[in-house]
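Since the structure of chain A is provided, determine the placement of chain B on it from the hints.
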Amino acid sequence: MKLYHVVALVAGLVLASLLPLILPKYYTFIFAVTMCFAIYALGYSIILGRTGLLSFGHALYLGVAAYTVAFLMRPEMGAFRIFSMELLLIIAIGTSALVGLGVGAICIRYTRIFFGLINLGFVMLWHSLLLKLYYVTGGTDGLPIYIPSLFGVTFSHEIFRTFIFYYYVLGIFAITTYIMWRIYNSPLGLALKAIRENSVRAEFVGIPIGRYRLAAYVISAIYAGIGGALWAPLNGHVSPDVSTWLTSGDVVLMNILGGMYTFTGPIVGAFIFYNLKVQIMHFTTYWSFILGISAIIFVLLFPGGVMGWVSKVMPKLVKKSYRQKA
Amino acid sequence: MGIQSDAKIGEKILQTEGLKKYFGEVRAVDHVDLEVSEGEILSIIGPNGSGKTTLLNLISNMIEPDAGRIFFYGRDVTKWPPSRLAKMGLVRSFQIVNLFDGLSVLDNMRAAVTSKLGRTSKPFTSLDRDKEVTRTSIELLELFKLSDKAETLAGDVPHGDRKVLDVALCFALNPKLILLDEPTSGVSTSEKRPVMQRIEEAVRKGGVTAVIVEHDMDIVFGYSDRIIAMHEGKILAEGKPQEIRENEEVRKVVTGGL
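Protein sequence lines correspond, in order, to chains A and B. Each residue of the first sequence is one higher than the one before, starting from 1 at the first, in my numbering. Each residue of the second sequence is one higher than the one before, starting from 1 at the first, in my numbering.
In short, the hints are calculated from the structure, not lab data. The reader is advised that the hints may include incorrect statements.
As the list claims (entries may be wrong) - Partial chain A-side listing against chain B, Cβ under 10 Å, derived: (1) S186; (2) L190; (3) Y212; (4) Y261.
What the hints assert, rightly or not - Label pairs and their computed distance ranges (CB to CB): (5) R129/B <-> P303/A: 28 to 36 Å; (6) G210/A <-> F23/B: 23 to 31 Å; (7) E38/B <-> A105/A: 36 to 44 Å; (8) E86/A <-> R84/B: 39 to 47 Å; (9) P303/A <-> K145/B: 33 to 41 Å; (10) F114/A <-> G18/B: 29 to 37 Å; (11) A16/A <-> R135/B: 37 to 45 Å.
No experiment lies behind these values; they were computed from the predicted model shown. The beta-carbon is built from N, C-alpha and C at its ideal position, and this holds for glycine as well.
So that you can see chain B by itself, here it is in the shape it has in the complex:
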């Protein structure tokens, strides 16, 4: 069973109730009760196969849970399709970069921005003449320092920038809660901090709540308000970065004695 959070910072933005997903014999997520407060940056850590990504996939409804329910602002959203969740402000990025590779970086952004503005269903208006969409897209690219690559195909830009664009697309949707699945995976060590700084800046500036799954412990302890450690599909420990750092059990299982 998961551990209930003691720290009640703000309103509960997300709650899960007995969330469960087994893949055959593997208990990927085993009755997880999770609470996320508005405005916090929560990190989920754990060894490979501990169920972190599966948990994100369940919350974002990429896969269906075997049992359990998900509440977003108190509403049961367990069966909502991802597009509807995105419209409500629950968005996610992907561990393996997930972009529109054949479209330019700008068009990637414009696809997300038109979606946010609810204009994708317009069949006869000119996209190029929609100044608001183009301006918003360019502003977002500037915020994430991608504007110099606006005309390049998303499939052709360097990996670090692809990773940032993947996260930037989430911000185009003006999210309330953002789920980030290893935002710095595959990024070179020297680039990790600058990439994470760009993301943290955007999160704090936008007052967005973030749930981050991350492998890199330096990053986790540096940017999180609260940390949850997972092991074999269950929540092992939960608390402030300092508490997690000092937790013997977590050190043994997760951080390998960091």
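Extracted from the complex, chain A is given alone in its bound form:
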């Protein structure tokens, strides 16, 4: 890490910590949700930007984790009902990792569009299961999510959603971002980039590409799971809408908008995409139309994503490590 990284990081954390004190409560809530999606997008970047695999089905893991949380909170669980957010997170990480391992083992046998479509198939399968098994999943109505306790402390509904959980999410967001930063700068990160650039040659220099693709896939599934598990209590409710081809596509757009070859790109992309969506939804019911046009304009203006553009126009600030595809 260079000095300007540290400065930017500290400034960012201080600013993020102050936001709930300055902004209206509504925006604290919105930013907490945004960070959940940022974790989702950051995890996705290891499979898209690093390993070079385009998946159209990662909302599967968002849903697996969110429904895990919902199930564990149901009154039917009796004595096994869980309200501890830490425990819920750990179990949600476990289920998304497990599903990621199983589904990934099948998906990574294919690359390019086939990989994308098989993932899409799985998310559609999951989506229809959520709809049809309504006696378990609540069907289209979904399931309620109660307020979890944070480190054993239970907060009121309002404090939780508009204040305290924001900091909780911020903490997890910082930790997951740091871990991803370490992965990107590790030998594994280089091996994944090598697979992206030329999987044949990667195999011939001794990198077992299948295993590494699966590792990247499971990491992305875990990140999506963390995002989903944190998003669920914020939303207060989970329905099959969380796992659709649309929410799977959102994360692709976030990565492309922000710049999938840069480290910060997916995070910036998540912030732009989600907040743009929320703002446009205020104005018109035709929000998806406007959002689509905005996405097209963004891609035309910044072909390498917003952060890809930034790293080009600010070569002094963002040093040589970013000049090549990071």
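Structure of chain B alone, referenced to chain A:
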């Protein structure tokens, strides 16, 4: 049927047994029995379509044979994936340059070096702080005279250097046996000798066994210990450079009366 080698220089590092690959009607490799001795530089020559590259692709398991077996140090490695072969010391370069174009020349080398050291699976250690990897990579780039281009993207360096880097990546894996598929193809005539010299130097210095598929006859006769001539998927002749040069059949089919 292939011709068994008479010259038994050292231990047999590689043997193939009835190796066969047909593409439809085309008999690309037709029951080839090949033996390679430790420490030798063996060249495979032949006209276009005689099955030289297919033979290399079979040995390196880039494609699966229809029949036959491959032994590396006496072990049956016919079904081993290339990554496992690479770990064992059987590596190859490519006729059409095959690099990580979007990565710097140094990172190309570091990818191979971390792989050799068995460190690619480390997810949390810092690559930049791994002094051994960086030092080894830079030493290798110096050996192949590429160190001045370390920071350039592999896709942006001149073709001759790309070709050398392609071979250099093999040496990063500390190979026992290296398969070189036309290491000087696409390199300008004036550059061919210096490029081949860089490669030969590295081969001899490392005590590596090399199997080279090559079109350029001057290069073949200059650097080989032994030559195999292929024609229509079969081994036509085999022997010392001088014997091959004087072989009437080979002259007719392969060298076009050189």
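How the hints compare with the structure:
A distance limit of 10 Å between C-beta atoms decides the matter here; for S186/A the minimum to chain B is near 5 Å, and the interface restraint holds. Because the smallest distance between the Cβ of L190/A and any Cβ of chain B comes to about 5 Å, under 10 Å, the interface hint for this residue holds. The closest approach between the C-beta of Y212/A and any C-beta of chain B is roughly 8 Å, which is under the 10 Å cut-off, so the hint is satisfied. Taking 10 Å as the C-beta contact cut-off toward chain B, the hint placing Y261/A at the interface holds, the least distance being around 8 Å.
Distance hint for R129/B and P303/A: a CB-CB separation of about 34 Å, consistent with the stated range 28 to 36 Å. Distance hint check for G210/A and F23/B: the Cβ-Cβ separation is about 26 Å, which falls inside the suggested range of 23 to 31 Å. Take E38/B and A105/A: their Cβ atoms lie about 39 Å apart, and the range 36 to 44 Å holds. A hinted range of 39 to 47 Å holds for the C-beta pair E86/A and R84/B, which are about 41 Å apart.
The hinted window of 33 to 41 Å between P303/A and K145/B holds, with their beta carbons roughly 36 Å apart. Distance hint check: the CB atoms of F114/A and G18/B are about 35 Å apart, consistent with the given range 29 to 37 Å. At about 40 Å, the beta-carbon gap between A16/A and R135/B stays in the expected band of 37 to 45 Å.
The earlier numbered hints are all upheld by this structure, with none contradicted.
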